[in-house]
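**Q** Starting from the known structure of chain R, arrange chain L on it as the hints suggest.
This is what each chain is made of:
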Amino acid sequence: MYLLEHDAKELLAQHGVPIPPGRLIDGDETIHRPALPPGPWMVKGQTFTGGRGKAGMIRKASTLQQIVDHANAILGTMVRGHRINAIRIEQQVTAAEETYLAFLIDPAAGGVRVIMSARGGVDIETLPPELIQTDVAPPDSAALAACVRRLAAAMPSHEAGAMCAAAEMLARIFIEREALLLEINPLFVKSDGRWVVGDAKFVTDDNALFRQPKIRELLRQRAAAYPATHLKLEHGFDYVVVDPKGEIGLLTTGAGLSMMLIDEMRAAGLKPYNFLDVRTGGLREETTRLVQALGWIAEGRNVRVLLVNIFAGITDLGEFSTLLVAALRKVPQLKVPVVARLVGNGLQSAQATLDQAGIRLFTGLDGALDEVRRHLADGGESPQ
Amino acid sequence: MISPRVARGTPVIVMGISGRAGTLHSRLMKEYGTNIVGGVSPKTERNEINGIPVFASCSDAVKATGATHCVALIAAPQLLAAITEAVAAGIKYMVTPAEGMPVYDALKARRLALDAGMLWIGPSTPGMAVPGEAKLGFLPNDSLRPGPLGVMSKSGTLSYEAGYRLSQRGIGQSVWIGVGGDPVKGAYYSDLVPFFAADTQTEALLIIGEIGGHEEEDLAATLKAQQFSKPVFALIAGRTAPVGVAMGHAGALVHGNHGTFEAKRSALAAAGVQVFSSLNEMVEGVCARLPQSD
Numbered sequence: 001m002y003l004l005e006h007d008a009k010e011l012l013a014q015h016g017v018p019i020p021p022g023r024l025i026d027g028d029e030t031i032h033r034p035a036l037p038p039g040p041w042m043v044k045g046q047t048f049t050g051g052r053g054k055a056g057m058i059r060k061a062s063t064l065q066q067i068v069d070h071a072n073a074i075l076g077t078m079v080r081g082h083r084i085n086a087i088r089i090e091q092q093v094t095a096a097e098e099t100y101l102a103f104l105i106d107p108a109a110g111g112v113r114v115i116m117s118a119r120g121g122v123d124i125e126t127l128p129p130e131l132i133q134t135d136v137a138p139p140d141s142a143a144l145a146a147c148v149r150r151l152a153a154a155m156p157s158h159e160a161g162a163m164c165a166a167a168e169m170l171a172r173i174f175i176e177r178e179a180l181l182l183e184i185n186p187l188f189v190k191s192d193g194r195w196v197v198g199d200a201k202f203v204t205d206d207n208a209l210f211r212q213p214k215i216r217e218l219l220r221q222r223a224a225a226y227p228a229t230h231l232k233l234e235h236g237f238d239y240v241v242v243d244p245k246g247e248i249g250l251l252t253t254g255a256g257l258s259m260m261l262i263d264e265m266r267a268a269g270l271k272p273y274n275f276l277d278v279r280t281g282g283l284r285e286e287t288t289r290l291v292q293a294l295g296w297i298a299e300g301r302n303v304r305v306l307l308v309n310i311f312a313g314i315t316d317l318g319e320f321s322t323l324l325v326a327a328l329r330k331v332p333q334l335k336v337p338v339v340a341r342l343v344g345n346g347l348q349s350a351q352a353t354l355d356q357a358g359i360r361l362f363t364g365l366d367g368a369l370d371e372v373r374r375h376l377a378d379g380g381e382s383p384q
Numbered sequence: 385m386i387s388p389r390v391a392r393g394t395p396v397i398v399m400g401i402s403g404r405a406g407t408l409h410s411r412l413m414k415e416y417g418t419n420i421v422g423g424v425s426p427k428t429e430r431n432e433i434n435g436i437p438v439f440a441s442c443s444d445a446v447k448a449t450g451a452t453h454c455v456a457l458i459a460a461p462q463l464l465a466a467i468t469e470a471v472a473a474g475i476k477y478m479v480t481p482a483e484g485m486p487v488y489d490a491l492k493a494r495r496l497a498l499d500a501g502m503l504w505i506g507p508s509t510p511g512m513a514v515p516g517e518a519k520l521g522f523l524p525n526d527s528l529r530p531g532p533l534g535v536m537s538k539s540g541t542l543s544y545e546a547g548y549r550l551s552q553r554g555i556g557q558s559v560w561i562g563v564g565g566d567p568v569k570g571a572y573y574s575d576l577v578p579f580f581a582a583d584t585q586t587e588a589l590l591i592i593g594e595i596g597g598h599e600e601e602d603l604a605a606t607l608k609a610q611q612f613s614k615p616v617f618a619l620i621a622g623r624t625a626p627v628g629v630a631m632g633h634a635g636a637l638v639h640g641n642h643g644t645f646e647a648k649r650s651a652l653a654a655a656g657v658q659v660f661s662s663l664n665e666m667v668e669g670v671c672a673r674l675p676q677s678d
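Here the protein sequences line up with chains R and L, keeping their order. Each residue of the first sequence is one higher than the one before, starting from 1 at the first, in my numbering. Each residue of the second sequence is one higher than the one before, starting from 385 at the first, in my numbering.
Source of the hints: derived by calculation from the structure; they are not laboratory data. Since the structure is predicted, the reported quantities are computational estimates derived from the model, not experimental observations. Take the hints with a grain of salt, since some may be wrong.
Computed list of chain R residues with no C-beta within reach of chain L, every gap over 10 Å [said to hold, decoys possible]:
| no. | residue |
| --- | --- |
| 1 | H32 |
| 2 | T77 |
| 3 | V122 |
| 4 | K214 |
| 5 | G295 |
| 6 | K330 |
| 7 | Q356 |
Distance condition first, Cα-Cα at most 20 Å in a straight line; then the derived EDC-like pairs of lysine to aspartate or glutamate [claimed, not checked]:
| no. | chain 1 | residue 1 | chain 2 | residue 2 |
| --- | --- | --- | --- | --- |
| 8 | L | K492 | R | D106 |
| 9 | L | K492 | R | E176 |
| 10 | L | K492 | R | D135 |
| 11 | L | K492 | R | E178 |
| 12 | L | K492 | R | D140 |
Even for Gly, the Cβ is constructed at its ideal location relative to N, Cα and C.
So that you can see chain R by itself, here it is in the shape it has in the complex:
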């Protein structure tokens, strides 16, 4: 999970990392002077992509009016497909050098890549290689700290001490929280050797959340900002609304096939509503997960048909079909025709179950998509 800058910084601050004092303003919240840290300020749009500065989503302000103007300009803007729903207002850091520090899991090297540079504040890829110190270390705090000290030895002495101190502290957090990426850019270094985190990108390992209570707690408190991860944690599967105006609800399993289905539908001019990897192999004879997913799909105002596409590997289709029919009964608000496309282990008993429920079963995806088109052309039955 890619943490928003605000959450990344607050998580770091919980571990004792110095950050500029700041506040998160969500959506329509009114901005009051007493709630803010002392100025001048940075007004920073919170989103899941880099390049915020270039997109004009990070601005300086020296009066309350400027803050309000910037907030109005930033909130609601779309940056690379994401709507900015919140801003962080924080105190500007002045009279400091901008440096760069990052740790990331490097799968090819089988360890943690450390990247340091005395020149930060810019895109690291634009720096000439001689200004970048980098190496790979095994994934433990002591090895990382040693790597950091070795790299810092090659840096200008003024920044080296502060960067070393910062990097040792951040390395420990990186390992303890099982992070996949922690990038600090800029890492501000003051002339007296103090340092403060200017911007932070933090990517957590969702597979390790079961043993990371601090990150689980953050996610619980900020569920609305991370709907997809929150759902996965609460319910054990992936669901993303890809087009709120979409017309086709998808009950699908498998990330790759579900993504490909969406790509292909869009290329053919169809409008899928959601991505879903319901993990039929993990249903364990209960309808809970299917009922949950169908309930969310029913929230799509324009959804006019439901396409079920399951290519069973670990799943038994007979068992799945029985669960599907039971789950559909429990979600009466989903008043749309159902088209099923199933292949794999247990198909025969699935056929009998779906026939009885009046659901047309296809084994070819093209045939199923034609049926979906037919329902859309008929006008379908619109949910209330």
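**A** Just chain L now, with coordinates in the frame of chain R:
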């Protein structure tokens, strides 16, 4: 490295055989023709499951059967322990289907496997198969057919669909390996290129990829460096996925310009790979270049 190819007689043990998935899929693998010689379960009282003798530990099973191949139907939080046990028991080829293995566990497991010279396939994989011979895992029989195409896939379900459609058109597979969609894992596409280059029954390669990470880009570099001379086809999912949102697989997360569909397409195309963004295009493209049997 042990050969990724398995044969009808290759002896295989199943860790986690008394669990739900272990019981079902040890039976289905056996029915397919895989030579399952033992199961491992420290918990069960049963001496045999599906006619397969059950042992209390991996090392007991290895001692009794001589197996070097293992499928572990074990949940993600326990996978690192299972891999540690298998390595210690002398297993040389291990398939771990479970999804959701913590990345730091996978880093440790990868180190263990490399040091022991064990080929580890997984996590997050349906496994591997040599159609007509044996399968380790649960690739669906509907998709399997003996033939000339080597398959490597990051996505289980998408590869099922691809294999199914190609099989219907008369193009089967030589060796099919699900490498899995996780960022840290046992075998990457690039690791298996020398095998597919040398395998005489493989006439062409099909890569099932998806957005995120840079495995497809690394593969492109490896194909070029090793002057891989067989035709290579690739199908990449996630062309229209939003940036910064993981679509199911932990690895399928696009940051900035890295791991995008376009970055993968251009890297692979530059290495001479024919890249497709839809199943139908891929099937037609492969059929145009390979002979089809009835």
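**Q** Take the hints in turn and mark each one as holding or not.
**A** Each hint, compared with the structure:
Look at H32/R: its CB is around 31 Å from the nearest CB on chain L, clear of 10 Å, so calling it non-interface holds up. Taking the minimum C-beta to C-beta distance to chain L, about 15 Å, the non-interface status of T77/R holds against the 10 Å cut. In this structure V122/R is separated from chain L by more than 10 Å, as the shortest Cβ-Cβ distance comes to about 14 Å. The claim that K214/R is not at the interface with chain L holds, since no C-beta of that chain comes within 10 Å of its own (minimum 15 Å).
The claim that G295/R is not at the interface with chain L holds, since no C-beta of that chain comes within 10 Å of its own (minimum 20 Å). Distance check on K330/R: its Cβ is at least 24 Å (rounded) from any Cβ of chain L, clearing the 10 Å threshold; non-interface status holds. Non-interface call for Q356/R relative to chain L: holds, since the shortest CB-CB distance, roughly 23 Å, exceeds 10 Å. Taken as a hint, the K492/L and D106/R pair is honoured in the structure, with Cα atoms around 13 Å apart against an allowance of 20 Å.
For the hint pairing K492/L with E176/R, the CA-to-CA distance comes to about 15 Å; that is within 20 Å, so the pair holds. Using a Cα cut-off of 20 Å, the hinted pair K492/L and D135/R holds, with the two alpha carbons roughly 19 Å apart. At most 20 Å may separate the alpha-carbon atoms for a hinted pair to count; K492/L and E178/R meet this at roughly 13 Å. Restraint check: the Cα-Cα separation between K492/L and D140/R comes to about 11 Å, which is no more than 20 Å; the hinted pair holds.
Checked against the numbered hints above, the structure violates none of them.
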